[in-house]
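Chains as they are written, first to last, in my numbering: chain A, 68 to 546; chain B, 68 to 546.
Hints in this document: simulated from the structure, not taken from any laboratory. Heads up, none of these hints are tricks.
Copies of the same chain look alike in the list, so a pair counts if it fits in one copy or across any two.
Think about it this way: if two alpha-carbon atoms lie no more than 25 angstroms apart in a straight line, the pair counts; the simulated DMTMM-like pairs of lysine to aspartate or glutamate are: (1) 452 to 422; (2) 386 to 124; (3) 386 to 135; (4) 123 to 135; (5) 150 to 274; (6) 192 to 100; (7) 152 to 171; (8) 385 to 124; (9) 240 to 153; (10) 130 to 119; (11) 150 to 100; (12) 386 to 126; (13) 507 to 522; (14) 385 to 369; (15) 534 to 521; (16) 392 to 200; (17) 130 to 97; (18) 192 to 91; (19) 193 to 97; (20) 385 to 126; (21) 95 to 200; (22) 95 to 135; (23) 216 to 274.
All values derive from a computational prediction rather than experimental measurement.
Protein chains: 2
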Amino acid sequence: MANVKNKNDAITPRDEDFAQWYTDVCRKAELMDYTSVKGFITYLPYGYAIWEQIQKELDIRFKEAGAENVYLPMVIPTSLFNKEKEHIDGFAPETLVATIGGGEELADPLIIRPTSEVLFSDLYKKLVSSYRDLPKRFNQWCSVVRWEKTTRPFLRGSEFLWQEGHCLFETQKEAEENTLKMLSIYDEVGRDVLGIPFVKGKKTEHEKFAGAVATYTIEALMHDGKALQAGTSHYFGQGFAEAFGIRFLGRNNALETPHQTSWGVSTRLIGAVIMVHGDDNGLVLPPKVAPIQVIIVPIRQEAEGILPKCQEIANCLKKQGIRAKIDDSDHTPGWKFAQWEMKGVPLRIEIGPRDLAEGHLMLSKRYNGEKLVLPIEEAEASLPKVLDAIQEEMYQKAKAHLERSVVDVDSIETLNAALEKGGYARMAFCGGEECELKIKEITKGGTARAIYKEEVPEGTLCPVCGKPATMVVYFAKAY
Amino acid sequence: MANVKNKNDAITPRDEDFAQWYTDVCRKAELMDYTSVKGFITYLPYGYAIWEQIQKELDIRFKEAGAENVYLPMVIPTSLFNKEKEHIDGFAPETLVATIGGGEELADPLIIRPTSEVLFSDLYKKLVSSYRDLPKRFNQWCSVVRWEKTTRPFLRGSEFLWQEGHCLFETQKEAEENTLKMLSIYDEVGRDVLGIPFVKGKKTEHEKFAGAVATYTIEALMHDGKALQAGTSHYFGQGFAEAFGIRFLGRNNALETPHQTSWGVSTRLIGAVIMVHGDDNGLVLPPKVAPIQVIIVPIRQEAEGILPKCQEIANCLKKQGIRAKIDDSDHTPGWKFAQWEMKGVPLRIEIGPRDLAEGHLMLSKRYNGEKLVLPIEEAEASLPKVLDAIQEEMYQKAKAHLERSVVDVDSIETLNAALEKGGYARMAFCGGEECELKIKEITKGGTARAIYKEEVPEGTLCPVCGKPATMVVYFAKAY
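With the rest of the complex left out, here is chain A (with noise of 0.2 angstroms):
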């Protein structure tokens, strides 16, 4: 009964067109909806409800390591944000611009925030004078606006929703630190929350945030075997604080340069969560960011007994902070496991009068539909392990694909036929803009995504120009 779906409900098959099966899923696990402005989606309940659990688990962990939530304006001055010269030609196609306000046209137009460094060095300046004021460790939560003209749900919009940390420190070590600090979490809450091993890894000059001295990354591997950056954080050197003036009295009365870092990951966490686990019956969730981890489904719910069972086991689970749903709608069985299906519930637990007989639970695990058998009174203390377990194995599931994923190349030929099987090609080269720009072009798409080491064995050569190769890479087809 498991696989009776309501018509309503099909999606595309994942294997058959990969990106209409990603934006079904959106659409009927009720994620998000369009609006009448291109790039700009609704985050509907469930949808918003994942972010809040990332959310939650980024904000624990930021704070731990120091960092304070502030909120700064969502709209940067023209003449501002112009201050940082490379900042500005990264960023300055792709903004949206207000230009009236109260009715009157404004002397120096307002940016709406694509992203907010010059803000916060604007910030910085005012509040740092001295290096008893460093480190400053600001966080924002937020959303931003840049003017996509390709977008997709979560994955790419016109605006998203992200956090945005800003740092200033008094040394280059202690922001360098930071920078692989702040990669550490989102690496640790890819492996312990959303079940997602990442490839971490510096960016090649080319592919490196728009000002920074250094961009290192995390990056998912999809399904179908593309990859997608999923979170950066930046070492700024003394870029922005010279730009904009921020300096402070040392420790030997001198005064200096603070050195900053920025970093941030977006909602876009939640198009790899999809992409990485989910399948032909739609989304699958780990529990740590299921807004539903367990949905109670009773069968024959009219019958004497079952809905008070239903509910003692839904008490159970809320008492030990479990995230858990009866669903007792007028629905047959087949469709709720088709619906709770769609919507990635991690655990399913049936409820029939013969289970109630029997003194047990039926339990379906989303991910792999495996069934399980439960003695009724080992519910309290097992149910928790059950979940943890679904999330360790997803993560498993993941990690072996990603690892499968992974071949070493060392020419252009080899590359290609790599990146059109989908997954990581890593491969020794020069380090090169140009040749970079080369192997896009031939593989079609293909991009480096993280230096996988800055060391290469004596005398290998770039196969795009024959110079001394200075780096593997990990190469892929991304979003």
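The hints should help you fit chain B onto chain A, whose structure is shown.
For chain B alone, coordinates are given in the frame of chain A:
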């Protein structure tokens, strides 16, 4: 020693210049900072942390009342915005409008949301087609932009943070119940969390929200005798639904129009907390919203055993979920006292060698300066109770202030005299917009804050126009 002040921290006395005192507290307690765009402020960590506490307390209660969080676009196409006439008239003059996206002029300029009624209505039109889809109870945490001429931190900003709930119901009765339910949640959070008693009630025709059938309000009384509208809950009737064509198939198989509500509070609540509880030494926070509830100040911290005992007490508090902090900086105790008084920390614990020797802690309540001596072995059990007591005492103090301020008047002269003095004056009047405007003019700013009751003794006349009075209203000067 408690009154020794760092000169830099001096603030204007409250009774000398309340407006300047308010601004001084906002700045010196490091709640906010100005930015280069008028009316757009930075919420600094300490100010934002207060907002996070308020959010947490509200969000739990909203969810218990069946609300689900969503996120809608920050922009509204002008064409969509123009659909509900009264609403446009109310908001159009204060909008910020984006006209350029990705370098090109927009055909349908985008209004940065001043509030999201039209977006929610547009969404509901798509989501609701049957009575089975109702009720919908969506809430959004976001920032909104209103291009204000006169701005003041937290009280009136061109951008501010808030929540806006928008609900849709099958019947008028349910919608009206929801309007009052949410008002009662605001009232409860005022009482139990902010330590603020509110005057609650319906707004007059003149004061109600643009597009609402009825607006209910919570009004707080500031220390200077002025009222502050701290939150509103609206019953919209079917106006928006009709304007947006929201229809549903009812239980009797006929097409029906749903009934709508909306309700919101904003960072203005921070302003209310400052102006209700603050004093000449700075901010005074009720424990429930205080980012730091207990500050532990070591006296002669270099002496043996002092810092370990501070740590022990801090750990014991943290274990109980109390937000405690030790100030072991190299400032003098007097400096620290003044600093944490400025920041409004509700309870200070001093631990010095003599206290250790005598086996007790010195406590000091921020709101009234009361000192308590507590045997160390009672700390674990007693400190949470001390915080609860502070919370309750602060509420009672504010309540007494509010109650003392209410007078009943029956003429323009007595009204004028009462409003001159500050506080609320209850007066019967006809309820007409014209009389209300006249009252505002005569009293130099006195407005109808909330309706006290909609019945009057027979024969009571409106002191302005002489026609029969229909209601008794709370009048006050307001922010």
